[in-house]
Amino acid sequence: NAGVTQTPKFQVLKTGQSMTLQCAQDMNHEYMSWYRQDPGMGLRLIHYSVGAGITDQGEVPNGYNVSRSTTEDFPLRLLSAAPSQTSVYFCAAHGGSSYNEQFFGPGTRLTVL
Amino acid sequence: AQSVTQLGSHVSVSEGALVLLRCNYSSSVPPYLFWYVQYPNQGLQLLLKYTSAATLVKGINGFEAEFKKSETSFHLTKPSAHMSDAAEYFCAVSQFGNEKLTFGTGTRLTIIP
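Chains A and B, in that order, give the protein sequences. Read the first sequence against my numbering and you will find it ends at 113, with the numbers running on by one and no gaps. Read the second sequence against my numbering and you will find it ends at 113, with the numbers running on by one and no gaps.
Keep in mind the hints are simulated off the structure, nothing from the lab. No incorrect hints appear here.
Simulated restraints, written as ranges between beta carbons of each label pair:
hint, chain 1, residue 1, chain 2, residue 2, range
1, A, Thr86, B, Gln45, 22 to 30 Å
2, A, Glu72, B, Pro40, 25 to 33 Å
3, B, Ser12, A, Met19, 34 to 42 Å
4, B, Ser3, A, Thr86, 20 to 28 Å
5, A, Pro8, B, Ser28, 34 to 42 Å
6, A, Val50, B, Ala54, 27 to 35 Å
7, A, Val50, B, Pro30, 20 to 28 Å
8, A, Thr15, B, Glu15, 42 to 50 Å
9, B, Glu15, A, Met19, 39 to 47 Å
10, A, Thr15, B, Gly16, 47 to 55 Å
11, B, Ser12, A, Met41, 17 to 25 Å
12, A, Thr15, B, Leu18, 45 to 53 Å
13, B, Asn61, A, Arg77, 33 to 41 Å
Under the rule of at most 25 Å between Cα atoms (straight-line distance), these lysine to any residue pairs were calculated in the SDA-like manner:
hint, chain 1, residue 1, chain 2, residue 2
14, A, Lys9, A, Gln85
15, A, Lys14, A, Thr86
16, B, Lys100, A, Thr20
17, B, Lys100, A, Gln22
18, B, Lys100, A, Asn100
19, B, Lys100, A, Pro39
Even for Gly, the Cβ is constructed at its ideal location relative to N, Cα and C.
Extracted from the complex, chain A is given alone in its bound form (with noise of 0.2 Å):
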């Protein structure tokens, strides 16, 4: 059980390029979401899924495309990269008799140059 998984670890764009973070989850959660974690900034939220089909914009959802094809699997793209996109990038999910708390994955580290 390898509970949330995100790759890659770490990433280096030029802005402009285009990319996909992976994640994926074993616990059939049905919740999913996307946070970024700046320096202190905290953690915030950028897409987030009730469902598979069903996603939503949060806090800051500019620049990045959510789709959720599957209960597994959530990923977040980067269309067109620019520098303030650099950043830790986490998915979460929950659900279930584990509603009321959020399984994070380890994070991506992005650099856009």
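We have chain A already, so just place chain B on it with the hints.
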């Protein structure tokens, strides 16, 4: 709207001393409150949660927090600090159960031998 304020971005205590990390919240409805811990280069892990049951909540690793509605506070305490408690601690609030968490900016706890 909801928000969280964590007083003190850095807190240092001696090993064996009391740990007190402060959290004040703002919420237009009865809130759900959480404390998460982040060890270096890892994701977040739930310490404890308040979900409108008992106002004194006990969590893992000897931590506890008390919900005080009159003070809009949810401070985290531990009677005796251990070296392994060194980490960053985040308070979070939600008006939607465990949905759409709003995190504070975090408090980095250092333990002095």
